[in-house]
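Start from the sequences, fold in the hints, and give me the full structure.
Chains as they are written, first to last, in the numbering used here: chain G, 16 to 172; chain S, 5 to 228.
In short, the hints are calculated from the structure, not lab data. Heads up, a few of these hints could be off.
Here chain G is said to cover these stretches of chain S; the calculated rule only asks that three of the stretch's residues, wherever they fall, bring their Cβ under 8 Å from a Cβ of chain G [said to hold, decoys possible]:
#1 93-105
#2 143-149
#3 194-202
Under 8 Å between C-beta atoms, here's a sample of chain G residues computed to sit facing chain S [to be verified]:
#4 48
#5 56
#6 61
#7 65
#8 145
Simulated DEER-style distance windows between Cβ atoms [unchecked claim]:
#9 S:146 to G:89: 56 to 62 Å
#10 G:142 to S:152: 20 to 26 Å
#11 G:148 to S:165: 39 to 45 Å
#12 G:29 to S:152: 53 to 59 Å
#13 G:56 to S:176: 40 to 46 Å
#14 G:62 to S:178: 35 to 41 Å
Built from N, CA and C at the ideal position, the CB exists for glycine as well.
Below are the chains, spelled out letter by letter.
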Amino acid sequence: MNNLKLVFSRYSYSILAVVVFVSMLIPLSILSEFIFTEPFFIFHITEVSSFSFALMLGVCVMSAIVIPMNVYRIRTLQKSTSKMGGSVIGSIIGASAGICSCGPIGFSIISTFGTVAGTATAFLTNYEIPLRIGSIAILCLVYYTTTRSISSECKIS
Amino acid sequence: MNKKIAIGIAFVVLLAVVGIASSSYYSTLLEMQQYRPNMSQQILDINLKNGSPILGSENAPITIIEFGDYQCEACYHWFHNTRADIIDNYVETGKAKLIFLDLPFLGRDSIVAAQASYCAEDQGKYWDYHTTLYNFQEEIDNGWASKDRLVAFAFNLEMNLDEFSDCIDGSKYNKRVKANYDEAVKQGAEATPTFILISPEGVAKKITGAQPYSVFSKIIEPML
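Given below as structure tokens:
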């Protein structure tokens, strides 16, 4: 908790967290068809898709916490970028899982790359929930290791 | 160091895939915009002869065309959350008619399922079969729409199984499904479900995705 205070008491890291959260949530909501922009702007979640939305929200929240913490670690504590990879990978897995393969992006990818892309997008769609849970788990692990790293460097008890 | 290189390579590959897909998407979009400057204002010329039988009154003033894939999860959600309200309020009241055109792109079973729906039409059970497919939809290409399952669905609907199996085995409706796919792409459908709502004057409005009933209602009401 002290680590969170330490990082996010700085205005720039709080802004970075908000930027990461919003820049993930809005595009993902559009790609996963929770937000429609045409013909009207509308936010639409059905009972069935609410769990999927909650997991997507979890990925965005965890990314918004972990990415600024790692940036803080690298910039302020001059640490290596090795742990940053985990947060990026976790965010990418969480972001790409569940992107509606029926949507324009899925259609373009399948039209361009054929059967292989079809299999890949089918995998991302079929295993959306396990992939997003896995992504949150990776981000939690990165949060834990980052917290430990910041604690030991800053000697926070 | 190796880990960094691996992450770097993975990131570059991901960027390349996204880049190529995006450029393909936008070039398709540009082509479509050149073909149809403004879909919402366009008097539409669309070939429906290969599509489903008409659901509702042939004389209904509004035509709702759905481009869909039987393996598409969003189509499933639309079918179970929005369609019933549209049928109750617009199709059964004679205000609109619904036509389904196949845009089977998600997997190998999408095409076979679409062909099977027309085999069911031969026995007068297109819409029953359509409903069955959306009721039993599972994960993409996991076998839920394999030939055996498609025949089993026909059995449940008390269809003539020999006739149905011959129809599927002979790929009787291969060209019809392909024609629907081509028509969908020509009309600018780049996702499923995509809907084109045509007013009595022939003006078209497009809706992309499994949007709620309120969106359809907002578009249909001023057309009446």
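* Hint check: is the beta carbon of residue 145 of chain G less than 8 Å from a beta carbon of chain S? -> violated (12 Å)
| C-beta pair residue 29 of chain G, residue 152 of chain S: status relative to the range 53 to 59 Å that was hinted | holds (57 Å)
- Item | Check of the segment 194-202 of chain S against chain G for coverage (Cβ-Cβ below 8 Å, three residues minimum) | Holds: 4 residues of the segment 194-202 of chain S have a Cβ under 8 Å from chain G.
| query | Minimum Cβ distance from residue 65 of chain G to chain S below 8 Å? | reply | violated (12 Å)
- Range hint compliance [Cβ, residue 142 of chain G to residue 152 of chain S, 20 to 26 Å]: holds (25 Å)
Taking 35 to 41 Å as the hint, is the beta-carbon distance of residue 62 of chain G and residue 178 of chain S inside that range? holds (38 Å)
Could you tell me whether the CB distance from residue 146 of chain S to residue 89 of chain G stays inside 56 to 62 Å?
-> Violated, at about 43 Å.
| 40 to 46 Å as the expected CB spacing between residue 176 of chain S and residue 56 of chain G, which holds or is violated | Because 44 Å falls inside the window, the suggested range holds.
- Would the hint on residue 56 of chain G stand, with a C-beta cut-off of 8 Å toward chain S? violated (10 Å)
A range of 39 to 45 Å was offered for this pair. Does it hold for the Cβ distance of residue 148 of chain G and residue 165 of chain S?
holds (42 Å)
If you look at each residue in the segment 143-149 of chain S, do at least three have a Cβ nearer than 8 Å to any Cβ of chain G? With 4 residues in contact (Cβ-Cβ under 8 Å with chain G), the coverage given for the segment 143-149 of chain S holds.
| Taking the closest Cβ pair, is residue 48 of chain G under 8 Å from chain S? | holds (5 Å)
Hints 1, 5, 7, 8 and 9 from the earlier list are contradicted by this structure; the remaining hints agree with it.
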